[in-house]
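Engineer: Full structure from sequences and hints, please.
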Amino acid sequence: MFEATSINHHNDQVQLRYKIVFGVMLVILIIPVVAILFTLIAKGSHAMSWPFLFDDPKDGMTAGGIFPAIFGTIWLVVVSLLASVPLGVAAAIYLSEYAPDNLLTRLINLATINLAGVPSIVHALFGVGAFVVFFKFGTSILAASLTLAIMTLPVVIVSSWESLQSVPRAFREACWNMGATRWQTIWHVVLPNAFTGILTGVILQVSRAAGETAPIMFTGAAMFLPFLPNSVFDQTMALALHLFVVATQVPDVPESLPFGVALVLVGIVLLMNTVAIWIRMHLRGKKKW
Amino acid sequence: MATASDARDKNWFIDKFFQSLMFVCGISAIVFVVGIFLFVFKEGLGFIVNDLNVAEFFFSPKWRPTSLHQPTYGILAMVAGTAAVTVLAMAICLPFSIGAAIFIAEFATGKTREILKILIEFLAAIPSVVWGFIALSIMNPLIITTFEVPMGLGVLNSALILALMAAPIVTSIAEDAFKAVPDTYREAAEALGATRWQTIHKVVLPAAKNGLLSAGLLGVGRGFGETMAILMASGHSINIPTSVFDSFRALTATIAAELGETAVGSPHYQSLFAIGIFLFFITFLINMTADFIVRGVKKG
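Chains as they are written, first to last, in the numbering used here: chain A, 1 to 289; chain B, 1 to 300.
Rather than coming from a laboratory, the hints here were simulated on the basis of the structure.
Do not take every clue at face value.
Incomplete in silico selection of chain B near chain A, CB under 8 Å [said to hold, decoys possible]:
#1 S28
#2 E43
#3 G46
#4 I240
#5 T242
#6 F245
To spell it out: a stretch of chain B is covered by chain A in this simulated footprint if at least three of its residues, at any positions, have a beta carbon under 8 Å from a beta carbon of chain A; those stretches are [as the list claims (entries may be wrong)]:
#7 86-99
#8 255-268
As a list, the in silico DSS-like pairs of lysine-lysine whose alpha-carbon atoms are at most 25 Å apart [to be verified]:
#9 A:K19 <-> B:K117
#10 B:K117 <-> B:K179
#11 B:K42 <-> A:K136
#12 B:K179 <-> B:K209
#13 B:K202 <-> A:K19
#14 B:K179 <-> B:K202
#15 B:K117 <-> B:K209
#16 B:K179 <-> A:K19
#17 A:K58 <-> A:K43
#18 A:K19 <-> B:K111
#19 A:K286 <-> B:K202
#20 B:K42 <-> A:K286
#21 B:K10 <-> A:K19
#22 B:K111 <-> B:K179
Glycine included, each C-beta is placed from N, C-alpha and C at the ideal position.
Structural biologist: Here is the structure:
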């Protein structure tokens, strides 16, 4: 009945043209990710082996493995999580469940945005001024992890807040009607329902913390250490800093070595992100509300 | 009877305790932002009181903190370099990111949209130091052979890397801005016979204008604050760049490169914290402005 007039046809063509233009723009953004991954795999896979992952660096870091750096990154990430996850989730609970709509809440939100926007090197200066010098932790895992924790805190707050908000209000009301206190409601109903969402945020935070270099450079990560750290008061090597060091500071490094380090670092980070995405999709499928 | 009321009292106290605890954690973000300012300010205070010459600091391109006879602390060259790179990076990043956001928000559907968003998320996940390594090992030789210049580290390399790093943030904020435009606007436009593109061009883009502006601002904030990637991609020599192939030095990179070599409390050490205060204020201003613009939209 409605035959395509020439104007309709023309409009369809115009629309298709715009769709293609924007699609190409998007593809141009995505090509680099794919190209980078392929280059890292192509050039870094020569370096990959069990000794590379589980040995100490040798010959002034031009040979051998990167185990102390991997081990140190795990230390830094775990200690920073111990500090930032309880604090960040609690802050999100306050913002989601208690905070009235007033000036203070507005200030907290502004501070969270700002904390996320402070340059990583300024976080490093804060870490030096506060943890290394003022609290006398020295350059140590503790100082570096706390700096990382504060830097990644907004990630936990925002993602936890979002998952708490996604729990329907009716769940809380049902609980209050049973005579439960606010905290009982949060602990027994809201948190369990928001758990997977919070977990996703925490995993993304791990990925973020593992890749940071600037905040740990002067607070606890060392270029080279001949021993593994024993406590949070020791310095440590770290994967991200190790990449910087072998790429810029060490002469005569075989080409495959920094590519290998970069591949391991990107591999860990993208693995974490994939797990988080998988949980998020799984969660969406399971939700009944 | 007594036991029941005792139980209620205990729960009441537990409830109050946790409410207070959550409140204390809730205001932690404010405490940390203030703390960052105070501690960075405290370390830089000695420089500001004793050695700072405001005119020299902002208007001299000479950064020679280690000179024996006459140390000078001028950040002009670094500010100019950082600004040039940020502007160039945004000029590259904004059209592509907004185009990509239009595609994701207005054209893509279902599975395609999911996959595209995941790929953009992957782009955002690549650590700063890896971008710096890519600038050194892949982009550097590429720029040298393509443009036949002696060095590939500098403004162009840094701007390209920064554009890619900022793209996922700008894309996702721009996409949010498009999503915030009510569907009724689109339906009204289509009911009047507008094509999809006419709707986007005449209705959605103007309505999302403020959101796009704040996306751009956050990209600029990212540019000023980026450290490791720029340290590795810039060539790190102090001069005011006059061409896209010139090397330059960023404010952030100066702190990263020099802090390890200074003695705690020396004028050089303190001057780096003064740069930190300057960076803190710039990013603070940019973030506040971006937030203010978006909030203006929600009010209206």
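Engineer: So, for every hint listed, does it hold in this structure?
Structural biologist: Against the structure, the hints:
no., hint, in the structure
1, S28, "holds, 6 Å"
2, E43, "holds, 4 Å"
3, G46, "violated, 12 Å"
4, I240, "violated, 22 Å"
5, T242, "violated, 26 Å"
6, F245, "violated, 20 Å"
7, 86-99, "holds (count 4)"
8, 255-268, "holds (count 5)"
9, A:K19 <-> B:K117, "holds, 17 Å"
10, B:K117 <-> B:K179, "holds, 14 Å"
11, B:K42 <-> A:K136, "holds, 15 Å"
12, B:K179 <-> B:K209, "holds, 12 Å"
13, B:K202 <-> A:K19, "holds, 16 Å"
14, B:K179 <-> B:K202, "holds, 16 Å"
15, B:K117 <-> B:K209, "holds, 22 Å"
16, B:K179 <-> A:K19, "holds, 18 Å"
17, A:K58 <-> A:K43, "holds, 21 Å"
18, A:K19 <-> B:K111, "holds, 17 Å"
19, A:K286 <-> B:K202, "violated, 40 Å"
20, B:K42 <-> A:K286, "violated, 51 Å"
21, B:K10 <-> A:K19, "violated, 63 Å"
22, B:K111 <-> B:K179, "holds, 18 Å"
Hint compliance for this structure: hints 3, 4, 5, 6, 19, 20 and 21 are broken, all remaining hints hold.
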